[in-house]
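For the sequence shown, our numbering gives the first residue as 590, with consecutive numbering after it.
Treat the hints with care, since some could be wrong.
BS3-like, lysine-lysine: derived pairs with alpha carbons at most 25 Å apart [unchecked claim]:
hint	residue 1	residue 2
1	Lys859	Lys817
2	Lys817	Lys724
3	Lys591	Lys796
Since the hints were made in silico from the structure, they are not lab data.
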Amino acid sequence: MKLFITYAILSMILLALVFFSLSVGTIPISISKVINYIHHKDMSIESILLENIRLPRTACAVIVGAALALTGVLLFYISGNELGCPSLLGINQGVFVGVVSSVVLTQSMMMKGLFISGILAGTGAGLVTFFISFKLGFSPLKLILIGQAINLFCYALCQLLLMLAPQYADSLLVSLNGSLANSNWTLLETFGSVLLLTSVLAIVFMKQGYLLSLGTDVAKNIGVHVNKILCLFLGIILILSTGSVLIVGPLLFFPLLALHCSKLFISTNKPYHFALVTACVGSILLLASDLCMRVLYPDWEAPLNLFIAILGVPLLIIRARRLH
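Using the sequences and the hints, build the whole thing.
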């Protein structure tokens, strides 16, 4: 019963935010007109605005929010570290370095090339983080500190590369700080389907991730192919991170935030439900952050990371107080 109530509350919040996202902006559109658009499309300004700007932006926020939240769950299960998320391990900024490098070197913004270079660079950044941490004597704290060092290095490298390609600087700088401004149907068709399918795959194998969190020996005794599952999960994390970065840019501690917020609703020992709740919370948080930005700064595309921090820090403090 408690689980049903949790799903019902989160679903209603998400649905309400979707309608608000479609109606709020520089040109406000009433909820009744949004509902009318769903049933009947016409050539009015409101319909064109919904069709070409607000619908893809809202859909991208929902899909990317869920995808990033799932990366946090996967890393939590396979590492046992509650601070483990792609942005804290240098993966997200590594992906963005790959994207920017591809643009600078090829003078092209072909999606397939950006996706491949993003995955390769993200993999490299993650491997460097783990390699250095193991060399220095592995511990969760060292892993996070080294990840942040790699993060800062990648951020500085991005800035340097952008200086070499000023013609792309404006659009890439907006993405560097997190933004849904570039959301469109092309991005959604190219990467949205990939993110959705990979997210479903992550949820299907989530139980194996939970078994890994009990310890590799326990997982092996139960019959889990540990190395195969680890490789699968790392591949899923890289695909979800790369697709998300290409749509909204590198978001700071978003997976960590979604992970801990979902723990307010459900226990981690129910892997499937925990993954679904976390994905829903991720969609809500990203949509709410984007909505806050558009309400407070309707004429300016403010950094999305700023509003994620404003919403996220109080929630993380509440979570920390509950743990204490």
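Of all the hints numbered above, which does this structure not satisfy? Sort the numbers upward.
none
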